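Visitor: So the chains spell out like this:
2 protein chains.
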Amino acid sequence: MDTDIILLGHGSGGKLSHQLLEELIIPTLSGVPMAGRNDAAVLEHNGSRFAFTTDSYVVDPVFFPGGNIGGLAVNGTVNDLAMVGATPLVISVGLIIEEGFSRRELAEILTSMREAADRAGVSIAAGDTKVVPRGKADRIFINTSGIGFFNHTLEINGSNARAGDKILINGTIGDHGIAVMAKREGLELDTDILSDCAALNNLIEELLEEGEAIHVLRDPTRGGVATTLKEIALQSDVSITLDEAAFPLKGAVRGVCALLGLDPLYVANEGKVLVLAAPEAAERLLERMKQHPLGRDAAIIGEVTAVGGGRVQIETVVGGMRGVEMLSGEQLPRIC
Amino acid sequence: MDTDIILLGHGSGGKLSHQLLEELIIPTLSGVPMAGRNDAAVLEHNGSRFAFTTDSYVVDPVFFPGGNIGGLAVNGTVNDLAMVGATPLVISVGLIIEEGFSRRELAEILTSMREAADRAGVSIAAGDTKVVPRGKADRIFINTSGIGFFNHTLEINGSNARAGDKILINGTIGDHGIAVMAKREGLELDTDILSDCAALNNLIEELLEEGEAIHVLRDPTRGGVATTLKEIALQSDVSITLDEAAFPLKGAVRGVCALLGLDPLYVANEGKVLVLAAPEAAERLLERMKQHPLGRDAAIIGEVTAVGGGRVQIETVVGGMRGVEMLSGEQLPRIC
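Sequence lines, in order, name chains A and B. If you're matching positions, the first sequence starts at -3 in this note's numbering and goes up one per residue. If you're matching positions, the second sequence starts at -3 in this note's numbering and goes up one per residue.
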């Protein structure tokens, strides 16, 4: 493999992404550890904590079942802020548009952004528009950056997992990735699989009422649940065991995954949160999730079994144990 | 002209950009007026003011005389924060990379970002990397967003120009645009024209010691000095007269402009600031500028002649007066 050029896998959210980040981007951009390993940076100014995050969206196709790139970009940035426990306040929008893009589609995308922002209770405060010649971009790319503030003193981040923690998820896995993939590849499905794209800040706010019992929040986007939990295991230096049978998974998603040889554990979600929390709060958190419109299919899917190791393993439905590693290379490019 | 599609000119920073912004983007993204008309949004949270801005960079070529897309992106966002009088604190970096891009060039770009951030005194706190397949982007696009805070209560924005204000600029115009253009078109020039790409926050901080005498700060990037002053005239509802003979302009830039039929007044700058200030402070500001490494060629180039009108006119070297309008369409695409 030519190591001198950037590969698609470097954008996968998996192993190659992490190598690029750890070997080149973080050391070059900053002498001190960046917050790049969490969803958002938590910073302080004049005694006040705030969170700051950025994401670029290059999803193909731009319109997919259950959403479009606009709502995806707003929800994604809102979620990144919520994942460190911040209350999202404002976001910015940077558009890179390919010459010839339809103005009507642009309007539709912007409308989705506005609606998503309204639902999440954030305002869009800054923007920028660039246009590049035909063939120099693919329709439209959107960057959203965001700022959130804290109304509590909890420290929620990927280094906080503890032995005994239960791992919860608020619903079915893989919906977003498979919805985008099916549309892109023109698959004819019996049932519609819709992206789960949604803003999670309201749900997170309710969960945070459990206070210090909440140790880690992370949205399993690129790289899916498997890569995200492997990251947390490494960041917190703990070992994790998952129960395959406990994972909420739509039959249609399972079917498409089987057909295409994809593992739903590695497929991107855009409206899901993994919660690692003290065991005594787990059932209450599950109940809170299930009461929320975005958590009806919530489940406890595993636990932190030990300090050290950085390992994730999964008890399969047939009774075996297999190790879970980060996605290596690119399973589904341009999923967000 | 087909009004249903996005044209290159919609990214020019000129008339078409403004139409798109005013007719579609601002009304759709926000019910209340966005800060989109200033370089950065000025917001308030818990009684503390902060500034927030975003910009995507799509410059072609990525490496140009005097800099590259990395330093350009950092300086551009630092400058946008400085233009509302904020002290830049942190920036984010969103990379969109075309598959096959050289890792060595990526390292060089990231190093420029780091160096620019160090010079400006900001930290890079958040990042994101996406990779798209070959042919779906043009080498690399970079979004930088930034947050700044205020250590004063001045209100500096484009609506603040007043009759009698003097207009200053900190040096020669058109250097960035012509440097990029010459490199892109492979022009063989006798002398090197270098981009003026630089962080202006340190210079601005010194100028702000003049306090309330400073009314407007604006960096004349896309669309150049002419478009920027026209924007200010409209935002403040004033009329402006410029003195063509007073404009600092390098002979080489003048020459290339003449050769290619470009008007340097419309060519992008990346290390220049237009200052509109009370007349009694103008000479002191000029002196402060000239003492600063980024202001050696500073000059007073015009004044606000009247309230109302939204007109900009220029006294030409040969003694005539001509009206200045926003750039219509695209003079130099992908200049930043």
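Please note that a few of the clues may not be correct.
Copies of one chain are not kept apart here, so a pair can be met inside one copy or by any two copies together.
[As the list claims (entries may be wrong)] EDC-like, lysine to aspartate or glutamate: derived pairs with alpha carbons at most 20 Å apart: (1) 286 / 181; (2) 11 / 188; (3) 179 / 18; (4) 286 / 205; (5) 11 / 95; (6) 246 / 40; (7) 179 / 0; (8) 286 / 276; (9) 286 / 311; (10) 179 / 239; (11) 286 / 201.
Hints in this document: simulated from the structure, not taken from any laboratory. It should be emphasised that the depicted structure is a prediction, and the values quoted were computed from it without experimental measurement.
Visitor: A separate judgement is required for each hint: does it hold in the structure or not?
Guide: For each hint, the structure was consulted:
1. 286 / 181: The answer is neither: 33 Å in one copy and 61 Å across copies each exceed 20 Å.
2. 11 / 188: Answer is neither: 31 Å inside a copy and 43 Å across each miss the 20 Å cutoff.
3. 179 / 18: neither (33 Å within a copy, 33 Å between copies)
4. 286 / 205: Intra 15 Å, inter 57 Å, cutoff 20 Å: intra-copy only.
5. 11 / 95: between (34 Å within a copy, 16 Å between copies)
6. 246 / 40: neither (42 Å within a copy, 44 Å between copies)
7. 179 / 0: Answer is neither; intra-copy 33 Å and inter-copy 25 Å both fail.
8. 286 / 276: within (17 Å within a copy, 67 Å between copies)
9. 286 / 311: neither (24 Å within a copy, 71 Å between copies)
10. 179 / 239: neither (30 Å within a copy, 58 Å between copies)
11. 286 / 201: within (14 Å within a copy, 53 Å between copies)
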